[in-house]
Amino acid sequence: MEVLFVALIGLFFTAAVYLMLSKFTIRILLGIVLLGNGVNLLLFTAGRITREVPPIIPADTSTLAAGAANPLPQALILTAIVISFSFFAFLLVLTWRAFEELGTDSTDEMRLAEPLDEPLPPMGY
Amino acid sequence: MASSFASIDLAAAMVTTAPALSDWLVILPTALMILTGATLMMIRKSVRLHAVIAITALALLVVLDALLLWQVSTRGPVSMTMGGWLPPFGISFTADIFGAVMALAAAIAALLAAIYSLRDIDASGLRHGFFAFLMLLMAGVSGAFLTGDIFNLYVWFEVLLISSFGLLILGSEPKQIEGALKYAILNLIGTTLFLITVGYLYAIFGTLNMADIARKAGSIRGMTEDAAPLMTLTALFVLAFCMKAAAFPVNFWLPASYHTPRITVSALFGGLLTKVGIYALIRVTIMLLPVEREALSLVIATSAVLTMILGALGALAQNDLRRMVGYVVIVGIGNMLAGVAIGSSVAVSGAILYALHSIVTMTALYLVLGEAGRLTGTFELSRLGGLWGRAPWFSAGSLALVLAASGLPPFSGLWPKIMLLKASLDIGAWWLAAAILVSAFLVTLALARVFLLAYWRPAPGGEGEAATATDWRTALPIGALATLVLVFGLYPEPLLALSQAAADGLADPSAYIRSVFPGGLVP
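Chain order of the listed sequences is P and B.
Residues 1 to 125 (the working numbering) are what the first sequence spells out, left to right.
Residues 126 to 648 (the working numbering) are what the second sequence spells out, left to right.
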């Protein structure tokens, strides 16, 4: 089971890196979404994968049943999902504004803050 | 039902006694900033109140951090675990000298920058929540310095990142949106890398509490068959934190964005944010994974040299003052990385001292150049001039900060540079020492040229219409920061002792571990 998940995570990361290497902002954003989901799967796999034993202590005992699911990765993933979702929402709006203001979605043409023809500082007094 | 619960021994999992009153100090800085930030959002229409509330809260933050530092330096690390769960199950906040002194320096820089912002941030900036974002930024920064849990550290990174986005685009100029887009995407990838590493760390250690990791690292390293991939882990941590700290080759987001926002925001970013990355790097590589850091030291040192030299060359090539300071920030990061690469006691305390110096000086340098730009109406070196005649006192303060940033006596930049030089010569790394000296020389050239052109040279286009003179809102922060830089340059003993104690606490974390696990070092 773990091997399957690891292969899946590798696939997510590969696709994410490929998309993020693009110079168009929308593809970069899609890459970031894939990367975020890949990380969530990774956290899930890192914390032991088991089936159908909830991490709840029965009424008459004081310890967890053997092979119970690990609740911590789920808490971590929940945090990571909330953060990556809100960041993605912000980035989408930012990209849209950038497209409106700059008239391009190609990072090569975003040269307003770092102009190519900026003069050198004065060479003499 | 009640009787079946009564038989469970809660003391095995929960903290049953209330924490001592003084322990609350470790959580108060972060809590204060979050509460103030939330309050400012609730009263976002009454912008007149924002500045008063925010600056009072920041002054209180300085007091709290100073008390915390005093407490930590007299009685050892302080720890508090959330929710009453026994560590490592609850999230611990643990302050040692390193964390407390960084938090104090950051709070002072933020307070002075907030006073400067009274003049710099206009009504529209206030309406869009400048002070609310500033409070949340400081919540993230304080949380990152004081937390004792590595996943929690990731959360604080994200808190300060999302508030920095808000500050960066204040004003909504096309330039800012472009800078923010590059900053946001690259920093988000950096923190995602950090999260990936935290996932691996949890898979290897089964814990996220830093004190717990520190005490387990030895036994996990010792497992000979089925060796744990600690090298992979450390390499990923170094990459993720170098990206946050803006070390070469993952630093191109900094010169692309730091010159676009309002000058107060640039000052806060240049002073605080990269130093959080350095803090995390030192905390993880020096305290948690020292053996693996040793193996990677050549890689870190190479990155440090390239960061210093290329940053200094970048500073020399800039015509825009704000972009030039961005490169000066990067040179400082290279110096601190050199300390991490060497890893000896002198080197680490040198890096910590450099970080403290850099928080104060970089904030001040941005504020000074912002004021110079306001007085002359331009940030371009080719058009600046005549400041000496126009504002002599301001020019004197600027000279102090320019010399401090170059690392010249009698200002605070000298001492960390000397410590780092000594540490690199001690291990025979003459090339590292040479890089520190050459980059300091190039930065001196770049900054001295600013002083020559902007201050001494008569204004190229004649005296333009006189801008409004410096008043207390800008003079107080610049004067206070210049005084700090001078005082700690002339009388560095207290800071030297503090950074030495901080480095000792990192090299031997047993006191840190004891504050989280009072029972002892053995699990």
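Heads up, some of the hints might be wrong.
[Unchecked claim] Derived contacts from chain P toward chain B, CB cut-off under 7 Å, selection only:
no.	residue
1	35
2	39
3	89
4	115
Derived by calculation from the structure, the hints in this document are not laboratory data.
As the structure is a prediction and not an experimental result, all values here were calculated from the model.
Where a beta carbon is used, it is the ideal one built from N, C-alpha and C, also for glycine.
May I ask you to test the interface hint for residue 39 (chain P) with respect to chain B, counting a Cβ-Cβ separation under 7 Å as satisfied?
holds, 5 Å
| said: Given a cut of 7 Å on the nearest C-beta pair, is the interface hint for residue 35 (chain P) held or broken against chain B? | reply: The hint holds - residue 35 (chain P) has a Cβ within 7 Å of chain B, the shortest such distance being about 6 Å.
May I ask you to test the interface hint for residue 115 (chain P) with respect to chain B, counting a Cβ-Cβ separation under 7 Å as satisfied? Interface hint status for residue 115 (chain P): violated (10 Å vs cutoff 7 Å).
**Prompt:** Taking 7 Å as the limit, does the beta-carbon of residue 89 (chain P) come near enough to a beta-carbon in chain B?
**Reply:** With Cβ-Cβ at 11 Å, over 7 Å, it is violated.
When held up to the earlier numbered hints, the structure conflicts with 3, 4 and fits the remainder.
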